[in-house]
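So the protein lines, in turn, are chains A, B, C and D. Each residue of the first sequence is one higher than the last, beginning at 1 in the numbering used here. Each residue of the second sequence is one higher than the last, beginning at 1001 in the numbering used here. Each residue of the third sequence is one higher than the last, beginning at 2001 in the numbering used here. Each residue of the fourth sequence is one higher than the last, beginning at 3001 in the numbering used here.
Possibly wrong hints are sitting among the right ones.
Listed next, with one range per pair, are the computed distances between beta-carbon atoms [to be verified]: (1) D:A3081 x C:E2125: 49 to 59 Å; (2) A:L65 x C:R2069: 33 to 43 Å; (3) D:Y3082 x B:L1065: 17 to 27 Å; (4) A:R129 x B:D1047: 56 to 66 Å; (5) A:T5 x C:I2135: 44 to 54 Å; (6) A:L102 x D:S3087: 33 to 43 Å; (7) B:R1039 x C:E2125: 35 to 45 Å; (8) B:E1105 x D:T3005: 43 to 53 Å; (9) D:R3124 x A:H54: 32 to 42 Å; (10) A:L65 x D:Y3082: 39 to 49 Å; (11) B:L1065 x D:R3085: 12 to 22 Å; (12) D:H3054 x A:L102: 29 to 39 Å; (13) A:L65 x B:R1002: 50 to 60 Å; (14) B:N1100 x A:G19: 39 to 49 Å.
If you're looking for bench data, these hints aren't it; they were derived computationally from the structure. Quick caveat, the model's predicted, so the values are computed rather than measured. C-beta: ideal position from N, C-alpha, C; glycine also.
Number of protein chains: 4
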Amino acid sequence: MREKTVEIRVIYADTDAMGVVYHMNYIRWFEIGRTELIRDMGVVYADLEKQGYHLPVTELHCHYLSPARYDQIVCVKTKIAYMRRASIKFEYELYEKSENRLLVEGYSVHAFIDDRGKIVRPPREVADRINREIIEK
Amino acid sequence: MREKTVEIRVIYADTDAMGVVYHMNYIRWFEIGRTELIRDMGVVYADLEKQGYHLPVTELHCHYLSPARYDQIVCVKTKIAYMRRASIKFEYELYEKSENRLLVEGYSVHAFIDDRGKIVRPPREVADRINREIIEK
Amino acid sequence: MREKTVEIRVIYADTDAMGVVYHMNYIRWFEIGRTELIRDMGVVYADLEKQGYHLPVTELHCHYLSPARYDQIVCVKTKIAYMRRASIKFEYELYEKSENRLLVEGYSVHAFIDDRGKIVRPPREVADRINREIIEK
Amino acid sequence: MREKTVEIRVIYADTDAMGVVYHMNYIRWFEIGRTELIRDMGVVYADLEKQGYHLPVTELHCHYLSPARYDQIVCVKTKIAYMRRASIKFEYELYEKSENRLLVEGYSVHAFIDDRGKIVRPPREVADRINREIIEK
């Protein structure tokens, strides 16, 4: 299955008084990971929204293994675990680049909804593009 | 003129690896300060928005004098410097509570705009309420 | 078991372009919830740190049920699910105040570590205070 | 004088319920701008800190001209306005890439301090590298 890795440089704004990245801030990077993964598949989330579709997070899980520090480069590797009728699950592995040290493992589950908040199937073309990537592995 | 002081406890999320509040995060508290000041005057920003008015920030200034640290209580004192035809200026003084130590002085200028982004005068009732407070001192 | 509920007013900084609280930002409020819960038990996290103890998050889970919006008041109800030799688990229930609408359910697991990052038992007095609350229910 | 432009993709986390980037979040990007500018000059801020030097923000100013929106690319152009005995001023121009639309102009002033918070001159080599860039224009 297709994976996507994006690199992010830790800035001061991401850190906390323990000298490491504040645990919440990795979740910002999950967003970047999944957005760039589907962009690579030809699915631009901003376009989905223009068509009236949204993908709010319904579930989120993080396992914190080792902390990232200021100015380190964090690699965010994202893949799709599954796509169902009206939901999609992304999996993330974040590791520090120079030492290849695993930082965080996590996942997020999202529902497809329309502008009124009703759960819907994604547009056929989007479903096709994503399913093709999942099956092809 | 009416002033409003709100108290905020510094959490880990607000701090950075220097062990102090990251400079950007005081600006979150400016928002709380001005929102609660005008609420005290009977002007609820959420209601203004429902009537089609918005108050985006057009200018922002901060002078950082001393840092706040984890678990300290920050007092945000806000007042209105002026209200003009289509703009309003808030001034902020943030100080650490237990030592009465001045942390940050700043201001923000905001424009009144409508839903299409056009600069407009605020609703008469809002202008009246705020002007009354400024004049009465 | 003792529970603690803190109330937080949603500000613009917490929201995103979907018009609701960005999913990550609820996790800031988890921190406030657990800090105020243990403060009520006589355990001040800032003091724990001065004694050389830290409680980094090792696991985090959120289930998002309904979104909070600008200016709504979010109630963060926190309790301790368990305390083990060197770890502690907090559970959170966030709901919108005026409608008593459930927003987010979640938990976080934390390890007790010392200044060098080694996993340790918490100070006896802290363990006693917390265990007393758990048992007493 | 040397300038540095870095490009940042707006994510959902950066936006607010007005549908635009929350005004505070541009200040995160100022940090990225100045860090990458001095890195280009051979000055790595993380190394400065290891030598016991810090550069806290003492003053900050932003002028907001036009809002950035979700998924747009923001170009952060940074240069040094001056370097004095113990302080340095950075200037920022942020614009939206596809339309070359100016978003925010701002500056930040920083003091050189040592580990105890005392104002100091920067290391000779750092001062030389930066001064060379400013003079050469």
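Now for the hints, and whether the structure bears them out:
no.	hint	in the structure
1	D:A3081 x C:E2125: 49 to 59 Å	holds, 53 Å
2	A:L65 x C:R2069: 33 to 43 Å	holds, 35 Å
3	D:Y3082 x B:L1065: 17 to 27 Å	holds, 21 Å
4	A:R129 x B:D1047: 56 to 66 Å	violated, 43 Å
5	A:T5 x C:I2135: 44 to 54 Å	holds, 47 Å
6	A:L102 x D:S3087: 33 to 43 Å	holds, 41 Å
7	B:R1039 x C:E2125: 35 to 45 Å	holds, 42 Å
8	B:E1105 x D:T3005: 43 to 53 Å	violated, 32 Å
9	D:R3124 x A:H54: 32 to 42 Å	violated, 55 Å
10	A:L65 x D:Y3082: 39 to 49 Å	holds, 44 Å
11	B:L1065 x D:R3085: 12 to 22 Å	holds, 20 Å
12	D:H3054 x A:L102: 29 to 39 Å	holds, 30 Å
13	A:L65 x B:R1002: 50 to 60 Å	holds, 51 Å
14	B:N1100 x A:G19: 39 to 49 Å	violated, 29 Å
Of the numbered hints given earlier, the model fails hints 4, 8, 9 and 14; all others are met.
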